[in-house]
Structures are given as structure tokens and as C-alpha cells.
Amino acid sequence: MGDEPGLYYDYEDQRAVLPKEAFEFQYPAKGDSQLAVQIAAHLRHSGFKPVLERRGFDHAVYVPMILLRPQADIPIVQMSILRGETDIESTELNIQLGQSVESFRDQGYAVIGSGGSYHDFHAIAQAYFENKFVPAGFTAFEDFLESAASIQDPQARTKVLLGWRSLASSYLAHVEGSSEHLMPFMLAAGSGGGRKGVKFDMYTYKGATMSQYMW
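1 is the number of the first residue of the sequence shown in this note's numbering; add one for each residue after it.
None of these hints come from the bench; they were simulated from the model. As the structure is a prediction and not an experimental result, all values here were calculated from the model. Don't take each hint at face value.
[Said to hold, decoys possible] Under the rule of at most 30 Å between Cα atoms (straight-line distance), these lysine-lysine pairs were calculated in the BS3-like manner:
{"id": "1", "residue 1": "Lys206", "residue 2": "Lys132"}
{"id": "2", "residue 1": "Lys49", "residue 2": "Lys159"}
{"id": "3", "residue 1": "Lys132", "residue 2": "Lys20"}
{"id": "4", "residue 1": "Lys199", "residue 2": "Lys159"}
{"id": "5", "residue 1": "Lys132", "residue 2": "Lys199"}
{"id": "6", "residue 1": "Lys159", "residue 2": "Lys196"}
[As the list claims (entries may be wrong)] Here are the simulated distance ranges between beta carbons:
{"id": "7", "residue 1": "His42", "residue 2": "Gly194", "range": "17 to 23 Å"}
{"id": "8", "residue 1": "Arg105", "residue 2": "Lys132", "range": "39 to 45 Å"}
{"id": "9", "residue 1": "Tyr203", "residue 2": "Gln34", "range": "33 to 39 Å"}
Don't be surprised by glycine CBs; every beta carbon is placed ideally from N, CA and C.
Based on the provided sequences and hints, a complete structural model is requested.
Next comes the structure, spelled out in C-alpha cells:
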């Protein structure tokens, strides 16, 4: 919650295999400790148990923000997603978290979920090092996300999103144990209220597609 958080390279254990440039990122954005306290108080009132801690911005913050706002002139409050006992419990918790912070959108703040509609790190790494493509078959999951995001009614949207693990393609997009990378999408969907989500961009690498949505 510091006002000068700096960066935290949260992939330090991969230093031996990652290019040195991965440890040379700079993004001198400020934090906003006063806003962090306000958010924590609001979440506490909503039944959550927030913990304020000092931690540098990790790659889920500085990688997208370098692209979105290279000037680094917007203060940022970094939040962690929540993890339940199951993928569906995690989904429900993070949608509820998004619903709770929706009121900050109404005050003019942006709620940015930084994760991935596709995240199979092993498949991506293998494709990179062996110069091939990731296994196909996950596009049905991308279609599911786009369809679910476009549902305007928040309760109906939540009901559909809670069924994401019923799709076989979900296990190709998010292997068992990696669903935390999808949870920022769920949080953003929760914060969308009665708005329709729109897919505004898509990034493709080695056959893997990662989509961006906005509510």
C-alpha cells in the first residue's frame, strides 16, 4: 500500500531460463495508500477480510501498464485475486469481489483485471523453445468467454460464468491448478454491473489466443 512501491520481479526463481531483459523492466508509477485504505474499509464492510501490505508492483501490473500508460503517471493500487477450495468457489469469490469494487468505477477509477483467457505455461514454453504451436482445441473456451461477457444482466452473466469448468476446452486453456490466471477476468466481469462486456482486442502467440475485454 506504499506510495513508492517499486517493482517486484515475481518470477525470480526463473532467472536461469529467462532473458536478462525480463529483469530490466522499469515502471515508476506511484501507489495511492489513501485510496488503498478506502478500498480496504469498503471491502471489510462488504464482508471481505482485506490485508494491507507493502509490496512492489508485480508483472501483472507493470507489463500491461507499460503498454497502456508508458508515462507511468497514474497512481495504482494493486490487489490480489481470491482463491477458494475449488475453481468454481474461486470464480464466485472473485465475481463478488468485482461487484464490491464496482462503486469505485462510479467514482472514476478504472478496475483493470490482468490475467489471461489462455494460460498453459508449459505449452507456451514448449512452443517457444521448440519453435512449434500450442495444442489446438481451446478456441471453444474463447467463444464461451465472449458469449458470457456479452450478457448484460449481471445475475445471468454470473450464472453462466460459474459453469466455465463444464467445458472440456477449459482444461486446455487453463490446466488444472492454473485457474488463478482467469480470475482477473471474473473480477472484471463482476465489476461490470449491468454493462455488456466487449472483446476489444486479441493477442496470438504460437497458436495461443489471449483476449481482452472491457465493460
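Verification of the supplied hints:
1. Lys206 <-> Lys132: 7 Å, holds
2. Lys49 <-> Lys159: 25 Å, holds
3. Lys132 <-> Lys20: The given pair, whose Cα atoms are some 23 Å apart, holds under the 30 Å limit.
4. Lys199 <-> Lys159: Cα-Cα ~20 Å, so holds.
5. Lys132 <-> Lys199: Given pair Lys132, Lys199 holds - Cα atoms ~27 Å apart, limit 30 Å.
6. Lys159 <-> Lys196: Cα-Cα ~15 Å, so holds.
7. His42 <-> Gly194: 17 to 23 Å: 20 Å, holds
8. Arg105 <-> Lys132: 39 to 45 Å: 41 Å, holds
9. Tyr203 <-> Gln34: 33 to 39 Å: Roughly 34 Å apart at Cβ, these two residues keep to the hinted range, so it holds.
When each numbered hint is compared with the structure, no violation occurs for any of them.
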